[in-house]
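2 protein chains.
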Amino acid sequence: MTDPAHPQSEDTKVLDLAQLTDLLERVFLRAGASPDVAAILARNCAGCERDGAASHGIFRIPGYLSSIASGWVDPRAQPRVEDIGAAMVRVDAMNGFAQPALAAARSLVLAKVRDAGAAVLAIRNSHHFSALWPDVEPFADEGLLAISMTNSFACAVPHGAQSPVFGTNPIAYAAPRLGGPPLVADLATSSMSNGDVQIAAREGRQLPQGYAVDGEGRPTTDPQTVLDSGALLTFGGHKGSAISLMIELLGAALTGGQFSFEVDWSAYPGAQTPHTGQLFIVIDPDRGNPGNFAARAETLVERLLDAGMSRLPGTRRYQQREKSERSGIAIPLAAYQRLEQLAAD
Amino acid sequence: MTDPAHPQSEDTKVLDLAQLTDLLERVFLRAGASPDVAAILARNCAGCERDGAASHGIFRIPGYLSSIASGWVDPRAQPRVEDIGAAMVRVDAMNGFAQPALAAARSLVLAKVRDAGAAVLAIRNSHHFSALWPDVEPFADEGLLAISMTNSFACAVPHGAQSPVFGTNPIAYAAPRLGGPPLVADLATSSMSNGDVQIAAREGRQLPQGYAVDGEGRPTTDPQTVLDSGALLTFGGHKGSAISLMIELLGAALTGGQFSFEVDWSAYPGAQTPHTGQLFIVIDPDRGNPGNFAARAETLVERLLDAGMSRLPGTRRYQQREKSERSGIAIPLAAYQRLEQLAAD
Numbered sequence: 003m004t005d006p007a008h009p010q011s012e013d014t015k016v017l018d019l020a021q022l023t024d025l026l027e028r029v030f031l032r033a034g035a036s037p038d039v040a041a042i043l044a045r046n047c048a049g050c051e052r053d054g055a056a057s058h059g060i061f062r063i064p065g066y067l068s069s070i071a072s073g074w075v076d077p078r079a080q081p082r083v084e085d086i087g088a089a090m091v092r093v094d095a096m097n098g099f100a101q102p103a104l105a106a107a108r109s110l111v112l113a114k115v116r117d118a119g120a121a122v123l124a125i126r127n128s129h130h131f132s133a134l135w136p137d138v139e140p141f142a143d144e145g146l147l148a149i150s151m152t153n154s155f156a157c158a159v160p161h162g163a164q165s166p167v168f169g170t171n172p173i174a175y176a177a178p179r180l181g182g183p184p185l186v187a188d189l190a191t192s193s194m195s196n197g198d199v200q201i202a203a204r205e206g207r208q209l210p211q212g213y214a215v216d217g218e219g220r221p222t223t224d225p226q227t228v229l230d231s232g233a234l235l236t237f238g239g240h241k242g243s244a245i246s247l248m249i250e251l252l253g254a255a256l257t258g259g260q261f262s263f264e265v266d267w268s269a270y271p272g273a274q275t276p277h278t279g280q281l282f283i284v285i286d287p288d289r290g291n292p293g294n295f296a297a298r299a300e301t302l303v304e305r306l307l308d309a310g311m312s313r314l315p316g317t318r319r320y321q322q323r324e325k326s327e328r329s330g331i332a333i334p335l336a337a338y339q340r341l342e343q344l345a346a347d
Numbered sequence: 003m004t005d006p007a008h009p010q011s012e013d014t015k016v017l018d019l020a021q022l023t024d025l026l027e028r029v030f031l032r033a034g035a036s037p038d039v040a041a042i043l044a045r046n047c048a049g050c051e052r053d054g055a056a057s058h059g060i061f062r063i064p065g066y067l068s069s070i071a072s073g074w075v076d077p078r079a080q081p082r083v084e085d086i087g088a089a090m091v092r093v094d095a096m097n098g099f100a101q102p103a104l105a106a107a108r109s110l111v112l113a114k115v116r117d118a119g120a121a122v123l124a125i126r127n128s129h130h131f132s133a134l135w136p137d138v139e140p141f142a143d144e145g146l147l148a149i150s151m152t153n154s155f156a157c158a159v160p161h162g163a164q165s166p167v168f169g170t171n172p173i174a175y176a177a178p179r180l181g182g183p184p185l186v187a188d189l190a191t192s193s194m195s196n197g198d199v200q201i202a203a204r205e206g207r208q209l210p211q212g213y214a215v216d217g218e219g220r221p222t223t224d225p226q227t228v229l230d231s232g233a234l235l236t237f238g239g240h241k242g243s244a245i246s247l248m249i250e251l252l253g254a255a256l257t258g259g260q261f262s263f264e265v266d267w268s269a270y271p272g273a274q275t276p277h278t279g280q281l282f283i284v285i286d287p288d289r290g291n292p293g294n295f296a297a298r299a300e301t302l303v304e305r306l307l308d309a310g311m312s313r314l315p316g317t318r319r320y321q322q323r324e325k326s327e328r329s330g331i332a333i334p335l336a337a338y339q340r341l342e343q344l345a346a347d
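Note that the protein sequences, when read in sequence, are chains A and B. At position 276 of the first sequence the residue is numbered 278 (the working numbering), and the sequence of numbers has no breaks. At position 332 of the second sequence the residue is numbered 334 (the working numbering), and the sequence of numbers has no breaks.
Bound-form chain A, shown alone:
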């Protein structure tokens, strides 16, 4: 398979995960991030690249740096964690990135889930600029079931509306299973992700029919038109739109974050990171079904494979991860050199 983000080329540099993480950490440090934030963002971004999630790997670095340079996001923010109930934790990300806010709250959330059976983590005043699956997969590694959702910036037109109100509004979940790595799904509730629109624009590819509209609400397949003045549609008609609405309510109204349509970065040229909120629901699934959840999940997986489903949620990432662990992560040489330059500047 040709990786759309990295056209095949002889001119690649092969790194292992630690090397790529180290390089990206130096890039974030050089851009002004605190050591904690740099380490967390580097690990996240390198993990996306390793797993073949092209639209959230090193492709995102210019966006991170541009947003940091604009002053829109604070790369040195220290999240403030509040314990607000036996099953609830709030975090003010202090206008920093969402992943350090999650990291700051994670041990408290885990303790609550172990104790109470379930917990909600509400992060606000946060910037999420990556995939959601890296946030939920580690919970499943602990035997827990996690759901997360985040809103972004107005780029998707609700079903029945004429202008964008919702963000790409992804939802992700991770569930442990007995016979293999966790089931991890991560889906934008817009017709596609902004990252994939950007990649299509860069590569001159058209979007599928029915995914997007131009500035006047007319159907378009041109990615640059969408980026400049158009909008995506939500996926799956009124049903996908109802789920995207739920994500605005849970990701923003419930956390105290901004709605996607409230994100206004006009005073920060170069800003690209949506400043909203993120919600987690984490459940100890063995509490509901004593000692049995992972085995039951495996029974479901077996039935899905029997029914001819060739790819489970997460399969493609795990395959790419294994390949990267075996053969390293191949990065176009020009991109590698640019990263080294950014780390050294």
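Source of the hints: derived by calculation from the structure; they are not laboratory data. Possibly wrong hints are sitting among the right ones.
[As the list claims (entries may be wrong)] Not close to chain A: a few residues of chain B, all C-beta gaps over 12 Å, as computed:
#, residue
1, R78
2, Y270
3, P271
4, R323
5, A345
[Claimed, not checked] Label-pair restraints from in silico Cβ distances:
#, chain 1, residue 1, chain 2, residue 2, range
6, B, L307, A, D38, 39 to 45 Å
7, A, Y320, B, G73, 44 to 50 Å
8, B, G182, A, D308, 43 to 49 Å
9, B, R220, A, G239, 20 to 26 Å
10, A, D143, B, Q164, 27 to 33 Å
11, A, K325, B, A71, 55 to 61 Å
12, B, A336, A, S231, 54 to 60 Å
[Said to hold, decoys possible] Chain A is nowhere near these chain B residues, computed Cβ spacing over 10 Å in every case:
#, residue
13, G65
14, R82
15, L112
16, K114
17, D117
18, S165
19, I173
20, R220
21, Q226
22, D230
23, M248
Given the structure is predicted, the values throughout are model-derived calculations rather than measurements. The beta-carbon is built from N, C-alpha and C at its ideal position, and this holds for glycine as well.
Mind docking chain B on chain A? Use the hints.
Then chain B, alone, in the frame of chain A:
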């Protein structure tokens, strides 16, 4: 608007909600339900009829009675509620209906949410044969945010598979708002609900293209073919399929209920009620965003209306409800007479 379940006719009987509830309660009692179960199912079914949810109103009564008569579901079951954590409640519905199990656990769940900030309710060994919105809307009336999901019986083909594994697997949520009744969405993650397939078959209408397949996996638009040997598809391609999978994991694996594909009523001719599980996640949204959730939800609603969205989730039901409260619930005379007969037999 013509109600598709009740073609316009002079031959209607008009009842108010209390009269219809009383009639249905007598029908359920006569069918062998315990007084508690009869009252809960009657209120649920009459409420669906009042709100214009044709596929879950009195249309469902023959299915309830057939399932009860088959011995497949116990209409006298007494649910067993277990308090299993500060944020988690389990209920064994004892092979009865899901709504009495919810009713039995509701006050404990509410107390936990008020105390801990959030709670999960896991119902298993239960039959859900109605809409989900009547289950979640009352939580929003209490100022809480509720999500529920339930799996059903194998009738939907997962994306990429060749045979049905998932049920219609609905998910519903309800959220309070300041300026009006709660936002309540309820969507099957199959391309449509079984109730709507049944209504289309009864009325001789074809299904939309791309919604269903026949017994050999070929596309079909014939509802009877779907009911006899075919299957629905999931909504929204691989994304809707991933959400339907999440509902199998949460509705069944996490609760201890059966997966949709495990429902085997072959020894119970006439059985129609899926015997699976149901999950609730209930959150105090003012804990995440102190004292402000409903006002923020209203801000979002205003923006959606400004963007041209004419119908919010739940709007059509609220309009029909108001009409029913004003003018009564009109039922075809033949259907009314049949219900009176069932109540008296």
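Outcome of the hint check:
1. Even its closest Cβ contact with chain A, about 26 Å, leaves B/R78 beyond 12 Å, as expected for a residue assigned away from the interface.
2. Here B/Y270 stays apart from chain A, with its beta-carbon at least about 22 Å from theirs, past the 12 Å limit.
3. With a closest Cβ-Cβ approach of about 25 Å to chain A, B/P271 is found to remain outside the 12 Å limit, as its non-interface label requires.
4. Every beta carbon of chain A lies more than 12 Å from that of B/R323, the smallest distance being close to 19 Å; the non-interface claim holds.
5. At roughly 37 Å from the closest C-beta of chain A, the C-beta of B/A345 stays outside 12 Å, upholding its exclusion from the interface.
6. Distance hint check for B/L307 and A/D38: the Cβ-Cβ separation is about 42 Å, which falls inside the suggested range of 39 to 45 Å.
7. Under the hint 44 to 50 Å, the C-beta atoms of A/Y320 and B/G73, about 45 Å apart, fit the expected range.
8. Checked against the given bound of 43 to 49 Å, the beta carbons of B/G182 and A/D308, roughly 47 Å apart, stay inside it.
9. A hinted range of 20 to 26 Å holds for the C-beta pair B/R220 and A/G239, which are about 23 Å apart.
10. In this structure the hint that A/D143 and B/Q164 lie 27 to 33 Å apart at CB holds, the actual value being about 32 Å.
11. As the Cβ distance of A/K325 to B/A71 is approximately 57 Å, the hint placing it in 55 to 61 Å holds.
12. Between B/A336 and A/S231, the C-beta spacing of about 57 Å keeps the proposed range 54 to 60 Å intact.
13. B/G65, annotated as away from the interface, keeps every beta carbon of chain A farther than 10 Å; the closest lies near 24 Å.
14. Against chain A, the non-interface label of B/R82 holds: every CB pair exceeds 10 Å, the least being about 14 Å.
15. Annotated as non-interface, B/L112 keeps its C-beta farther than 10 Å from every C-beta of chain A; the closest such distance is 14 Å.
16. With a least CB separation of 8 Å from chain A, B/K114 falls inside the 10 Å interface cut-off, contrary to its annotation.
17. At roughly 7 Å from the closest C-beta of chain A, the C-beta of B/D117 falls inside 10 Å, breaking its exclusion from the interface.
18. Separation of B/S165 from chain A is inadequate, the least Cβ-Cβ distance of about 5 Å not exceeding the 10 Å criterion.
19. The beta carbon of B/I173 sits about 8 Å from the closest Cβ of chain A, which is not more than 10 Å, so the claim that it is off the interface is violated.
20. For B/R220, the requirement that its beta carbon stay farther than 10 Å from each beta carbon of chain A is met, with the minimum near 15 Å.
21. With a closest Cβ-Cβ approach of about 24 Å to chain A, B/Q226 is found to remain outside the 10 Å limit, as its non-interface label requires.
22. Every beta carbon of chain A lies more than 10 Å from that of B/D230, the smallest distance being close to 20 Å; the non-interface claim holds.
23. With a closest Cβ-Cβ approach of about 5 Å to chain A, B/M248 is found to fall inside the 10 Å limit, against its non-interface label.
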